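Going down the list, the protein sequences come from chains Z and E. Residue 100 in the numbering used here sits at position 100 of the first sequence, and the numbers go up by one each step. Throughout, the numbering used here is defined as the position within the second sequence, counted from one, plus 195.
It is worth saying that the hints were derived from the structure and are not from the lab. Fair warning: this is a prediction, and the values are worked out from it, not measured in the lab. Please note that the accuracy of each hint is not assured.
[To be verified] Taking beta-carbon pairs under 8 Å as the criterion, some of the chain E residues facing chain Z (in silico): (1) L225; (2) G248; (3) A264; (4) V318; (5) A319.
[What the hints assert, rightly or not] Each computed SDA-like pair below joins lysine to any residue, with the alpha-carbon atoms no more than 20 Å apart: (6) K53/Z <-> R77/Z; (7) K53/Z <-> R128/Z; (8) K53/Z <-> T71/Z; (9) K67/Z <-> P109/Z; (10) K53/Z <-> A79/Z; (11) K53/Z <-> R166/Z; (12) K53/Z <-> R324/E; (13) K53/Z <-> R286/E; (14) K53/Z <-> W282/E; (15) K53/Z <-> A285/E; (16) K67/Z <-> R128/Z; (17) K53/Z <-> A187/Z; (18) K53/Z <-> R280/E; (19) K53/Z <-> V94/Z; (20) K53/Z <-> L225/E; (21) K53/Z <-> E274/E; (22) K53/Z <-> I284/E; (23) K53/Z <-> P228/E; (24) K53/Z <-> Q127/Z; (25) K53/Z <-> A272/E; (26) K67/Z <-> A124/Z; (27) K67/Z <-> Q127/Z.
[Unchecked claim] Covered by chain E, per the in silico footprint, the following chain Z stretches (three or more residues, Cβ under 8 Å): (28) 67-81; (29) 149-161.
Built from N, CA and C at the ideal position, the CB exists for glycine as well.
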Amino acid sequence: MSGGRDPAPGAGPRHARWLLWLPLCAFGVVLAVVLWGLFLPADRTVYSAMVGKPLPAFTLPAIAPGKPGVTDADFRRGAPRLLNVFASWCVPCVAEAPQLLTLRAAGVPIDAVAIKDTPADVAAFLQRHGDPYASVGSDPHSRLQLALGSSGVPETFVVDGQGIIRLQHVGDIRADDVPRLLQALAAARTPGAAR
Amino acid sequence: MRRSAAAFALLLAAPAVAQTALPPLAYTQLRDPEQERQARALMETLRCLVCQGQSIADSDADMAGEMRALVRQRVAAGEPPRAVRDWLIARYGDYVSYDPPVSRATLPLWLAPLLLLAIGVVVARGSFRRRRR
């Protein structure tokens, strides 16, 4: 910058003055991105990529007293059903129990997969929080859960009568989720039109 | 009497299927060192789904343990690691992998470094030329 060494006198300084604002603009862009991330955090829910695809083949042994286990064949009998992934040790599963009973009362058949559970705990859970299930299968090592693309409990899958997964509900079913699930079950009655 | 006998039987059976019981392969290496190396390399590129900043090789979460067992079991059965990875991606999407494939969503990620390098070359050339003058 020692005088006389400026390459193009006249054009140079005006050009440089405009460039002076560039770092501030860059800072503004970074600030906007940071604020956006701060106030609108990204959705970190892991959704299954199996929606629209057939259920994987599985056969789970029974775990609840007086109820059969679950196999994928149960979901290919023509009528849509719910597959509820739950566990007796899971607190949100207690929160969704009344909504499952509501769905059961509305005539929806519900099968369940108990993740890493014991017969005694499942029996106590069903006695205490109500029993909406047609069958309960035991998945001690989360094998079916992994095959379904499920990443936690509770999760609920709407499966149509041909064994195609139509909808995944992640987390506990709240009272205002019930109409959406009933709608998805009704839509699952008409074959082909997945999603 | 019968009821208490049943309760006692359940009490005895409980530890066998205790909630925290993980499959042995969650924390046991495979006998074959080459297979273990392959399984380990794959585990390091798979995301733990309940602790999303960690790979399943690094996580002590139950679900990461189940996934490690799954990876080891399949690799031990002779399945190539790539097939195991594809199996998980078919279920959880690309998100489960720390090694993202080139797709429309990840293209900027792959192209941005090349673009920045090109800009750097142009800027460097400009400043070298100025110095020479």
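Results of checking the hints against the structure:
For L225/E, the interface hint is violated, the least distance from its beta-carbon to any beta-carbon of chain Z being 17 Å, above 8 Å. For G248/E, the interface hint is violated, the least distance from its beta-carbon to any beta-carbon of chain Z being 10 Å, above 8 Å. With 8 Å as the threshold, the beta carbon of A264/E comes within range of chain Z, its nearest partner Cβ sitting at about 7 Å, so the hint holds. Below 8 Å, beta-carbon pairs count as interface contacts, and V318/E has none with chain Z, the closest being about 13 Å; its hint is therefore violated.
For A319/E, the interface hint is violated, since its Cβ never comes within 8 Å of a Cβ in chain Z; the closest pair sits about 17 Å apart. Restraint check: the Cα-Cα separation between K53/Z and R77/Z comes to about 17 Å, which is no more than 20 Å; the hinted pair holds. For the suggested pair K53/Z and R128/Z, the alpha carbons sit about 35 Å apart, so the restraint of at most 20 Å is broken. Restraint check for K53/Z and T71/Z: the C-alpha separation of about 16 Å stays at or below 20 Å, so the hint holds.
At most 20 Å may separate the alpha-carbon atoms for a hinted pair to count; K67/Z and P109/Z meet this at roughly 14 Å. Note on K53/Z and A79/Z: the hinted pairing holds, with a Cα-Cα distance of about 17 Å set against a maximum of 20 Å. Proximity of K53/Z to R166/Z is assessed by CA-CA distance (about 8 Å); at most 20 Å being required, the pair is judged to hold. For the hint linking K53/Z to R324/E, the alpha-carbon distance of about 60 Å lies beyond 20 Å, and the restraint is violated.
Of the supplied pair hints, the one linking K53/Z and R286/E holds, its CA atoms being roughly 10 Å apart against a limit of 20 Å. Simply put, K53/Z and W282/E have alpha-carbon atoms about 14 Å apart, close enough for the 20 Å limit, and the pair holds. Between K53/Z and A285/E the CA atoms are separated by roughly 10 Å; this keeps the pair inside 20 Å, and the hint holds. A C-alpha spacing of about 17 Å is found between K67/Z and R128/Z, which places the hinted pair at or below 20 Å, so the restraint holds.
Under the criterion of a C-alpha separation no larger than 20 Å, the hint pairing K53/Z with A187/Z is consistent with the structure, at around 16 Å. Distance restraint check for K53/Z and R280/E: the Cα-Cα separation of roughly 18 Å lies within the 20 Å cut-off, and the hinted pair is therefore satisfied. For a cut-off of 20 Å, the pair hint linking K53/Z to V94/Z is broken: about 29 Å separates their Cα positions. Distance check on the hinted pair: K53/Z and L225/E sit about 33 Å apart at the alpha-carbon level, beyond 20 Å; violated.
Taking the CA atoms of K53/Z and E274/E, the gap is about 23 Å. The hint is violated against a cut of 20 Å. For a cut-off of 20 Å, the pair hint linking K53/Z to I284/E stands: about 14 Å separates their Cα positions. A threshold of 20 Å between alpha carbons decides the hint, and for K53/Z with P228/E the separation of about 37 Å lies outside it, so the pair is violated. Proximity of K53/Z to Q127/Z is assessed by CA-CA distance (about 34 Å); at most 20 Å being required, the pair is judged violated.
Proposed proximity of K53/Z and A272/E is contradicted: the alpha carbons are some 26 Å apart, above 20 Å. With a C-alpha separation of about 14 Å, the suggested pairing of K67/Z with A124/Z holds against the 20 Å cut-off. Note on K67/Z and Q127/Z: the hinted pairing holds, with a Cα-Cα distance of about 14 Å set against a maximum of 20 Å. Note: the region 67-81 of chain Z has 0 residues with beta-carbon separation from chain E under 8 Å; the three-residue rule is not met and the coverage is violated.
For the region 149-161 of chain Z, the assignment as covered by chain E holds, since 3 residues bring a beta-carbon within under 8 Å of that chain's beta-carbons and 3 suffice.
In terms of the numbered hints stated before, the structure departs from hints 1, 2, 4, 5, 7, 12, 19, 20, 21, 23, 24, 25 and 28, listed from lowest to highest.
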